[in-house]
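J.: If you want the building blocks of each chain, they are given just below.
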Amino acid sequence: MAEILVVDDLDRTLELCRKAMPQHRFHGPLRSWAGLRAWLSAPKTSPDLVLLDVHFDIPSEHLLGLTGEPGPEDLERARRRQGLEILARMRRSYPNLPVILMTSRDDLPLEEEARALDAQEYTYFLDDDYVDAHALAAQVHGVLQAGRGAETDGPVFWGRSLGMRRIRQRLLVLSRGRLPIILAGPTGSGKSLLVKHFIHERSRRKGALVTMDLATLPRDLMAAHLFGSMRGAYTGSVADRKGAFEAADHGTLFLDEVGNLPEEAQRMLLTVLQDGRVTRLGDTRERLVDVKLVVASNENLARLVSEGRFRADLFMRLNPACTVELPPLRERMDDFEALLHFCVERALESSYPAELLADYLQQAGLQGSVPRTLAGEKVPPREPGSTWVFFSRQVVRQLRAHSWPGNLREFSMTVENALTFTLAELAAVAPGRRPDVIQVRPKLVHELLTAVGGGSPGPGGWTVSVRIRPFDSLNQLSQSVERQYFLELFKRERGDFSAMARVLLGDAALARKVQLRFNQLGLKVRELRRSLVP
Amino acid sequence: MSIPMPPKGLLDQVRRLKHDLGKYISLNTRWLPADARPQALREALRCDLLETRKADHRLENAWQIWERLGLPLLEAGTIAGDESVARWQSLLEPELARVATHMESIRQLIPLLDMASPGQLRRGAQAAIAVSRLLARLQKRIHLQVIQQEDSP
Ligand SMILES: Nc1ncnc2c1ncn2[C@@H]1O[C@H](COP(=O)(O)OP(=O)(O)OP(=O)(O)O)[C@@H](O)[C@H]1O
Ligand SMILES: [Mg+2]
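Read top to bottom, the protein sequences are chains A and B. Sequential numbering of the first sequence, starting at 1, is according to my numbering. Sequential numbering of the second sequence, starting at 1, is according to my numbering.
Looking at chain A on its own, in the form it has when it is part of the complex (with noise of 0.2 Å):
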């Protein structure tokens, strides 16, 4: 089912609409720009699809494009295409929802006009030169098809916005193509997902992804690992090795946070870049390899040029005019709830949920049942066989208002867990009075959502703040509580590991080892550094 609007200054389309086209739901007649505004402030749902008209026979204190002292003619005409004002005025909020405007394009009194129109995203003429029921409807279905069609592939969440589909048309590009790929963004924000899930399978390629995640591997290993080794070539090599280079042949290499990679590993990337062929350490002989290189950092590449930490020349070599730029997901607020539909269903696949799920459905009654997502809406009256999760319009706006500097990782655990303890609550009481409806309690959320404290020094020493849930494993509380610890340490001693290690180990020389466990606990050095006041 999806939620159109109809903007019409007539009642006709509408209840024509509402006759042909019965599992969708019509809102309108919405009669001028003031309607269409009025609506879409305060929203009742979210719409899938705008029908607009182009004429609107309305009285003039209601017509967008009118100046000065406009006569008859300049009202005739103002109403004439009234619907490309409106259009181009819900555009400025509205870059992406799709658009029908409810006349064929070569009605439209300006060529120029119809081709702008034409050229844009997500608005389209009707196909036919009249409003027929069933052309309207199978054009509707089209373009509800071809919104939904980019939404998602597999574990992959895009969202209908326009710059979400842009990047996922140039990865398309770039996937088939034979130049490496840089993909930056924020942690949290899918680059490894997409090598995963999109990049490498589009790619066609018939060897393996091979990933190397230069933020754990110890450096003085990064070389062996990527470009192989012969026995005896370094202390503790006791083998000949291949290294991700040769196992990535005719596949994918993935190398996450490629900026920790040193100096000297940086050169010798360079040059199997230029001739396709790997050299192993300790080795003379060259192996042809071909591999497609995809490289993510969620430090600007860039910046790290021109601070002398990357060489220039490799970073020329990974194609950064086609570097993707993959946003936060602050930035990606339009396709709020289209994501939580998918986190949920996400999650509910997931296993711990699903069985909770399961079990809570069999004590109501309601084994079978596939639970719907419902978001900021009213619940309707019960109805046999159907199930909800519900977020409630405070939940909504609590999860909306939230800054999300984990991102879609952030996101996607948050609506986990929420849905894991509302579950797991849920199994503890007796079902209520509409047990076909599981509810997100606000009060669970906001914990959630505040629930990752900091530390204070005080007197003696620091004190941690843990908040024990049921179901965190005694890993996640632990891991939580050296977090905490680690942070305050790391900023007493101004980020210098081997203080660190001194005081944790008891030996200066296990930096080293004090640096892996801060990349295991996911707390990210380099971002660490740059908060440190000078």
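Hint data in this document are derived by calculation from the structure and do not stem from the laboratory. Some clues are possibly wrong.
[Said to hold, decoys possible] Straight-line Cα separation of at most 30 Å, DSS-like style, residue types lysine-lysine; simulated pairs: (1) A/K491 <-> A/K513; (2) A/K19 <-> B/K54; (3) B/K54 <-> B/K140; (4) B/K54 <-> A/K44; (5) A/K196 <-> A/K513; (6) A/K196 <-> A/K242.
Because the structure is a prediction, the values reported are computed rather than measured.
Dock chain B with the ligands against the given chain A, drawing on the hints supplied.
T.: Frame of chain A, contents of chain B with the ligands only:
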């Protein structure tokens, strides 16, 4: 021999006629299957012919729209403010004359709609659909003529 461009006033008027009348006069009727029951046909025609343009407070039937926008096109030299239009009206003849015939039969059907026989209803529906088609064709033809005119050096 190239035909000079029709004046803009004429094109606009054709466009309006197609929009106001052509779009709505068979909106419901077109949607019905060929073997629709007489009662369904009567309902659809009542919407299409009697409430052709219906908004909050305004109501125009099909004939009233034709009187407002169509008849002036047939009556030479009556489009306000554009003398040259009269000379172009013959360009509209092929479709417009046939629309006029269909509209005449629709005018007669309007007051009888509640009592009309299945045969009359069917003919009314055919007339309404024909009006939509003819106006679409007319609009396309004039439009193309303008485009060709603009494209030719
Ligand atoms: N586009 C997306 N669609 C669905 N889920 C996503 C998307 N992007 C991120 N996620 C969720 O966030 C998690 C983390 O994403 P990913 O590992 O790709 O982030 P990243 O950009 O590589 O971050 P980092 O820089 O910290 O490595 C994924 O496992 C997934 O659950
Ligand atoms: Mg990653």
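J.: Evaluate each hint against the coordinates.
T.: So, going through the hints one by one against the coordinates:
1. A/K491 <-> A/K513: It holds: about 18 Å lies between the C-alpha atoms, which stays within 30 Å.
2. A/K19 <-> B/K54: Status holds; Cα separation ~17 Å.
3. B/K54 <-> B/K140: 26 Å, holds
4. B/K54 <-> A/K44: 26 Å, holds
5. A/K196 <-> A/K513: 29 Å, holds
6. A/K196 <-> A/K242: Roughly 22 Å between the alpha carbons, so the hint for A/K196 and A/K242 holds.
Of the numbered hints given earlier, the model fails none.
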